[in-house]
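Novice: Chains as they are written, first to last, in the working numbering: chain W, 1 to 582; chain B, 1 to 336.
Hints listed in this document are in silico derivations from the structure and should not be mistaken for laboratory results. Beta carbons: idealized from backbone N, C-alpha and C, even for Gly. Take these hints with a grain of salt, some might be off.
To be verified - For each label pair, taking beta carbons as the anchor points, the in silico distance ranges come out as: (1) W/E372 with B/K62: 32 to 42 Å; (2) W/M327 with B/F288: 30 to 40 Å; (3) W/E218 with B/L69: 47 to 57 Å; (4) B/I334 with W/R382: 29 to 39 Å.
Claimed, not checked - Just some of the chain B residues that point at chain W, by a computed CB distance under 8 Å: (5) K34; (6) H38; (7) V39; (8) Q41; (9) G44; (10) H47; (11) V48; (12) T215; (13) D218; (14) E225; (15) P302; (16) R303; (17) R305; (18) V306; (19) Q308; (20) W314.
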Amino acid sequence: MQLWIDNQKLETVSERFENINIQKSENFTSIQVEKNQLIQLLKFLKEDLGFKMFIDFFCVDYPLHNPRFQGIYLLFNPDERQRVAVKCWAEGDSLPTITSLWKGAKWAEREAWDMFGVKFEGHENLVRMFLWEGYKYHPLRKDFPLRGIEDTYLPSLNLRPDEKPAHNYSPYHTVLPTMEDLERTQKARIQKKNQIVLNWGPLHPGTHGTIWFLFDMEGEYVKECDIVLGQLHRGVEKIAENLTYTQFIPYTDRMDYISALCSQVAYVNAVEKVLGVEPPEKAKYIRTMMCELQRINSHLLWLGTFALDLGALTIFLYTFREREKIMDIIEGIAGIRLNSTYIRIGGVAKDLPEGALDVITHFINDFPEKLEEYETILTTNRIWLRRNVDLGIINEEDVYSYGLTGVVARSAGVPYDIRMIQPTDAYDRVDFEVPLGRVGDCYDRYLLRMEEMRQSLNIIKQCVEKLKGMEGEKYIATDNPYVLPTLNEVFNSIESMVKDFNLRIYGEQVPEGEVYLSGENPRGELGFYINSKGEGRPYRMRIRSGAFYNLQIFTELIKGRTVADAVVLLGSLDPVVGETDR
Amino acid sequence: MELLGTVVVLTIKSLIFIIGMFLGAAYLTLLERKFAGHVQQRPGPLHVGPHGFLQPIADALKVLTKEDLVPDSVDKVLFYLASLMAFVPAIMILAVVPFGDPFTIFGVEIKPYITDLNVGLLLALAFGSISIYGVIFAGWASNSKYPMIGGLRKAAVLIGYEVALGFALVGPIMMAGSFSLREIVEAQQNMWFIIPNILAFVVVIFCILAETGRTPFDVQEAEAELVGGYVTEYTGMKFGLFPLAEWYIATFVLSAITVILFFGGWNPLPLMGWLPIPAFVWFFIKVFLLFMFFLWVHWTLPRYRVDQITELAWKVMLPLALANIFIVAIWIIIFG
């Protein structure tokens, strides 16, 4: 399914602007523009050509090129369902800010500054996104070593003065943020002194992970809010540049650990696209089924914690009762409960075990009743309505401006669902509906997620029907030169063994090119931009996290509301810190 | 001599009441945990003693032997005082709560209450209010942001509900013509006061939920927003006294007062007076049913926001309580 800008629009652009360079390929279409024309081009794309939705912004480092950094803007046209990428070289290591066009670029630009050291002219608050203030380096630059720069003297504390250190012991380590550094980070974000500043997080039961909120409070009301991310930043994008494509699959699990399978599928699909691998039919249905099981799993966890935040303790245990069943199903199929590295390039890791489909059928027959049970307790509960209705209203304008995706976008009535827009796997062959909200408040998001669980059940049912007739078929396309052979094949044929060795040691030699492909994670669009230079490792991998962009609107929505609303709002936006911080 | 005898008898009786309430509260925690467990489809405490029956004792030992940390920045006097302020008044309400009619065993008349004051109900209300200062002190003395917000929330909730509670209690008092809890029970021998006072009963239920800080009104310790609310800085037994006082003793005692005011106290259930059940057993059956009702609410509902709670207090509960006084007045005029 092609989703890139059509030729007619490209011609309009090239007529209007000089000195642009259009690179068109199957998987990626970009317009390269000079820095002084960037804002005009983006404005033209937004206002005249309808590319009004902001998807992502990131940089790529070319150390030998001058200027060194290239910024890439990804935009989406929601009416005609087209994407376009705009590339621009950062002359003098700086780019003009586009926050006046899209507010969602605010954090993306801060991230680019943090990771690459690219400055943004006119950005209102250009501070570090993930790392702390005072850190000297920019880790995603190519000259930054993977193990960090060991320049801080940290001697061992257990070493006696007369003792000689072990031969490989170095007293120099990579720098860690100290308490003072973190305080500086906090103070850099606070202007006013006359109000209470409530440190909500980083380790707080209401923040669902390690997000650090700073609330400037007047009484119970939050006047200003700031979010400090980075407590769970592991540099996944940097890690990706140093691993082969197959080796990176487990890392996608650890980003959005609640919906690991969806992340794997999104990643593997992008890699398959750039490799040109076509998985067998059965693998496609298994992937779709597992994704939807994971979606129900994720939404159940969301419902439990959301209700827990609002004080309904019992729902939490009820949802975990069902979630446990899904966990058992996933464990039975993939072998691992949470971070199930189950999807492989070209298929899935294992065939469905005997009886798996029976267990799933039993679950889908059993589950609607339980869903009714949750709805009986919550949906028309007056307290639930009082807490949720008309809180955190998001409109269509916000969706486009902030690049909101997933349930958050659909609650505002924007039918942005990657499963519909760009169906991967078997999504184009199953029948499902995308529920849309009317108001865009927290209650809508609650209803949507409940309805999505029903739709997921529906998809699983169809997949199970299909899979029943596919017993014994191939589940991984091992004929393809890029696909790792199965264990059985490795042990029985020398060619497979050689191929396995080659792929494991040198990685999949991906042809040169770029690809952007996304999947519908339970938390929004999870996109993977892969820039390959024809090696076994990606030259640059960018992970467009749905939760990262969804969380950004929190600071706007919370203004003038109470702390009690903050938990509801955060719960309904449903960020997972593993994915926001990467 | 007579005075000395009274003092000795009262002391012994008080000790029995206090120790009984302590043990009772400990086992109320077990009751709650078992109840919550079964609501949530899990067994609850199971391993200490048969069916977890010794769990409260293990918990008490654990809490008592924990290190008692006092942060440097707290106001030491208030910090210590707060946990006592929460606990002592809650248990002092027991002084005026009667558990049955006086009865005679081996020729000795035993009164199952400590004292029968003619202003008993007012005293109970007063102690109930003082108990709440403990929470507010705890929030203030902790010198920390979360406890302070918790304490302020509690204060906001209480101002509303104390007023409504006071007005709601006027109805039964009007009908009985007395503040003495024993006389109120005796006045209900033919008909329980719930009949005309149904609105007051509703108000009292809400007030008890609000004052004892149970869901939907547990804003002062909303764990998702305020970590532990006003008890965030507390450890050990100082911490243990707060839930014990609020969730168990206060809920229990206020349930007892509600039963006395609206459900005929130790009078048997209608048409069941022929059963050979002693009066105080009837009383405890009613109190436990009411207590279980609070648990049921607690483990089912989500939580209100603090401004919604105060809104409910002033816009719904206070008018209801006032309407109840009006209805009862008309009732008394018509039926005598």
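Novice: If a hint holds in the structure, say so; if it doesn't, say that too.
Specialist: Evaluation of the provided hints:
Take W/E372 and B/K62: their Cβ atoms lie about 40 Å apart, and the range 32 to 42 Å holds. For the hinted restraint 30 to 40 Å between W/M327 and B/F288, the CB-CB distance of approximately 38 Å keeps it satisfied. Our hint of 47 to 57 Å for W/E218 and B/L69 is violated, since their Cβ atoms are close to 31 Å apart. For B/I334 and W/R382, the hinted distance range of 29 to 39 Å is satisfied, since their beta carbons lie about 35 Å from each other.
Look at B/K34: its Cβ only gets to about 14 Å from chain W, farther than 8 Å, so that hint breaks. At about 11 Å, the closest approach between the beta carbon of B/H38 and any beta carbon in chain W exceeds 8 Å, and the interface hint on this residue is violated. With its C-beta approaching chain W no nearer than about 6 Å, B/V39 sits inside the 8 Å limit, and its interface hint holds. The closest approach between the C-beta of B/Q41 and any C-beta of chain W is roughly 6 Å, which is under the 8 Å cut-off, so the hint is satisfied.
For B/G44, the shortest C-beta to C-beta distance to chain W is roughly 12 Å, which exceeds 8 Å, and the interface hint is violated. The interface hint given for B/H47 is violated, since its Cβ lies 19 Å from the closest Cβ of chain W, which is over the 8 Å cut-off. Taking 8 Å as the C-beta contact cut-off toward chain W, the hint placing B/V48 at the interface is violated, the least distance being around 21 Å. With a least beta-carbon distance of about 5 Å to chain W, the hint placing B/T215 at the interface is held under the 8 Å criterion.
Interface restraint check: B/D218 against chain W, minimum CB-CB distance 7 Å, threshold 8 Å, status holds. Taking 8 Å as the C-beta contact cut-off toward chain W, the hint placing B/E225 at the interface holds, the least distance being around 5 Å. The beta carbon of B/P302 is positioned within 8 Å of a beta carbon in chain W (closest approach about 4 Å), and the interface hint is therefore held. Annotation: B/R303 was flagged as interfacial toward chain W, and the flag holds, the nearest CB pair being 3 Å apart, inside 8 Å.
Because the closest C-beta pair between B/R305 and chain W is about 4 Å apart, less than 8 Å, the hint holds. Evaluation of the B/V306 hint against chain W yields a held restraint, the C-beta minimum of about 7 Å falling below 8 Å. The closest approach between the C-beta of B/Q308 and any C-beta of chain W is roughly 6 Å, which is under the 8 Å cut-off, so the hint is satisfied. Look at B/W314: its Cβ only gets to about 16 Å from chain W, farther than 8 Å, so that hint breaks.
When each numbered hint is compared with the structure, violations occur for hints 3, 5, 6, 9, 10, 11 and 20.
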